[in-house]
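Our numbering puts the first residue of the sequence shown at 1, with every later residue one more than the last.
The hints are simulated quantities; they were obtained by calculation from the structure and are not laboratory data.
Just so we're clear, the structure is a prediction, and the values are computed from it rather than from any experiment.
Positions of the beta carbon are idealized from the N, C-alpha and C atoms, including for glycine.
Just to be clear, a hint being listed does not mean it is correct.
Claimed, not checked - Pairs of lysine to any residue residues, derived as SDA-like cross-links and limited to a Cα-Cα distance of at most 20 angstroms, are as follows:
(1) K189 x P335
(2) K334 x I306
(3) K310 x T203
(4) K362 x G374
(5) K371 x K334
(6) K348 x A361
(7) K172 x N271
(8) K334 x K172
(9) K334 x K273
(10) K310 x K371
(11) K273 x D199
Claimed, not checked - The following label-pair restraints were derived from C-beta to C-beta distances:
(12) D424 x E368: 48 to 54 angstroms
(13) T352 x P184: 36 to 42 angstroms
(14) S160 x R213: 47 to 53 angstroms
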Amino acid sequence: MFAALSRPAVARACVRAPGYTAARYASRGPSSSTSSSSKNSKKSAQNPTPTPAEASPEVPTEAEPQGVLNPLPSLDVLATTESTPGPEGGPTGARSADDDTLTSAEHKRRNLTRVMFGLMFAGLAANVVHMGREWEAEELAEKKVKSVEELPNTRWGRTSERVGALFDYFNKPSWPELLPPPLPAPHQKPYTLLISIDDLLVTSTWDRQHGWRTAKRPGVDYFLAYLSQFYEVVIFTTQNYYTALPVLENLDRYNFYINYKLFREATRSINGKIVKDLSYLNRDLSKVISLDTSPDHTSTHPENAIVLPKWKGAPGDYGLVAMIPFLESIAIYKPKDIRPILEAYKDKDIPTQYAKNEAEAKRRHIEEWTKKKGKSAGGLSLTGFMGGSSGSKSPIPPTYLEAKRAEAQAQYKQELQFIIEHKDELEKLRKQDEEAAMGGAPGNLWEALTQMQGGEPSADAQAPAQAGQAAPSAQAPAGKA
1 MFAALSRPAV
11 ARACVRAPGY
21 TAARYASRGP
31 SSSTSSSSKN
41 SKKSAQNPTP
51 TPAEASPEVP
61 TEAEPQGVLN
71 PLPSLDVLAT
81 TESTPGPEGG
91 PTGARSADDD
101 TLTSAEHKRR
111 NLTRVMFGLM
121 FAGLAANVVH
131 MGREWEAEEL
141 AEKKVKSVEE
151 LPNTRWGRTS
161 ERVGALFDYF
171 NKPSWPELLP
181 PPLPAPHQKP
191 YTLLISIDDL
201 LVTSTWDRQH
211 GWRTAKRPGV
221 DYFLAYLSQF
231 YEVVIFTTQN
241 YYTALPVLEN
251 LDRYNFYINY
261 KLFREATRSI
271 NGKIVKDLSY
281 LNRDLSKVIS
291 LDTSPDHTST
301 HPENAIVLPK
311 WKGAPGDYGL
321 VAMIPFLESI
331 AIYKPKDIRP
341 ILEAYKDKDI
351 PTQYAKNEAE
361 AKRRHIEEWT
371 KKKGKSAGGL
381 SLTGFMGGSS
391 GSKSPIPPTY
401 LEAKRAEAQA
411 QYKQELQFII
421 EHKDELEKLR
431 KQDEEAAMGG
441 APGNLWEALT
451 QMQGGEPSAD
461 AQAPAQAGQA
471 APSAQAPAGK
481 A
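With the sequences and hints as input, model every part of the structure.
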């Protein structure tokens, strides 16, 4: 046993064979029988053979191929197997990237990708060329321009304009026309008055004790009721429907004064700012006036806007009422275009400046009347010929504006008196309308989907609606009385 353990180690040498770079180990030593090795076991124990680290290994060169004896495979199983390059100029074992080594499926996939990219770029180029075509009549009507000169006339300009319109879809109002077509004469008011809510008609404050509270501006009820005789009143606010509608229900409880209501979805976004684009209004802009407190809201049509200072809740602020004489004079005199008038009062205190202009017009009216009276007093009159007194003073006649204003004031008082006398009936009608609206609303998701597809509401929903429609007709004579 000990003889086997003390067997001399077989010396191995690293030899480089011609044409190979890998190292090979070969057995080097005397080829003797088992008996001779046992005889020399004692000698080897006394004089041990030097280890490979101590003995200088003899590395044979390429010129010594005879040193290679009995080649053995590598026993290092943990080493990473690497491809052994062949002789110079021969195959190396690496996979080529040439098309000759691709499979048929890879060939088809590569060709299909090239075809798809080619078609995509061809379609893109054709679309760019098509976008540079001349302007069509439908596009002019959609952009609300009168002539082609108002739009870019070069191919690149037309292409840029159409490409920009594609990305402008989410910045536009929800509808191409915000208001329905005007009513036929004489039911349609000649002018349209757009009124904002925030810090103009109302203002909202918040405190820890009461939370949010909304206050009406002094004179707002009179402002809406009086001007509704002259204008088509439209509330145009940047608030959402669910926050602004309760406020409007308190401003116009019986829907007498406000014709239409436009909310946040009727605005558009330009450079990150909310804008009220009047070109979508479906009205003649030469007869549209917009009252607002923010210049950004009217940046697309500043010539139609009157920007007023914000009301912050001061109880004695009657700036809204002070605007009535100016606005009513426009509706009374009926100019063909209100924009030059608004331009004349731009950057001025409109109530003060208009009061001066009206006072000057009144002074000229009195002078003209005095001159006419003096000429008529110099001649013979029938009263003086019959012996009557010709020196009696007649009152100064009112101006055209004052006469029309007196008529409007009388009409306003009649409407106010009607509301006071029939308040109970109006409240009952209002309650019936609310019940009819609630009854017509879908009670569940299935009913909502049915109504969206054009189906009829359920019988339970139709009964309150029919009752609400029949009640006003029965009480109509009482309202007219």
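Comparing the hints with the structure gives:
1. K189 x P335: holds (14 angstroms)
2. K334 x I306: holds (18 angstroms)
3. K310 x T203: Measuring from Cα to Cα gives roughly 9 angstroms; hence the hint holds.
4. K362 x G374: Holds, because 18 angstroms separates the two Cα atoms, which is no more than 20 angstroms.
5. K371 x K334: Not satisfied, since the Cα-Cα distance of roughly 28 angstroms exceeds 20 angstroms.
6. K348 x A361: holds (19 angstroms)
7. K172 x N271: Answer holds: K172 to N271 is near 12 angstroms, not above 20 angstroms.
8. K334 x K172: violated (32 angstroms)
9. K334 x K273: violated (34 angstroms)
10. K310 x K371: violated (46 angstroms)
11. K273 x D199: holds (18 angstroms)
12. D424 x E368: 48 to 54 angstroms: Cβ of D424 to Cβ of E368: about 51 angstroms, so the range 48 to 54 angstroms holds.
13. T352 x P184: 36 to 42 angstroms: holds (39 angstroms)
14. S160 x R213: 47 to 53 angstroms: holds (49 angstroms)
Hints 5, 8, 9, 10 from the earlier list are contradicted by this structure; the remaining hints agree with it.
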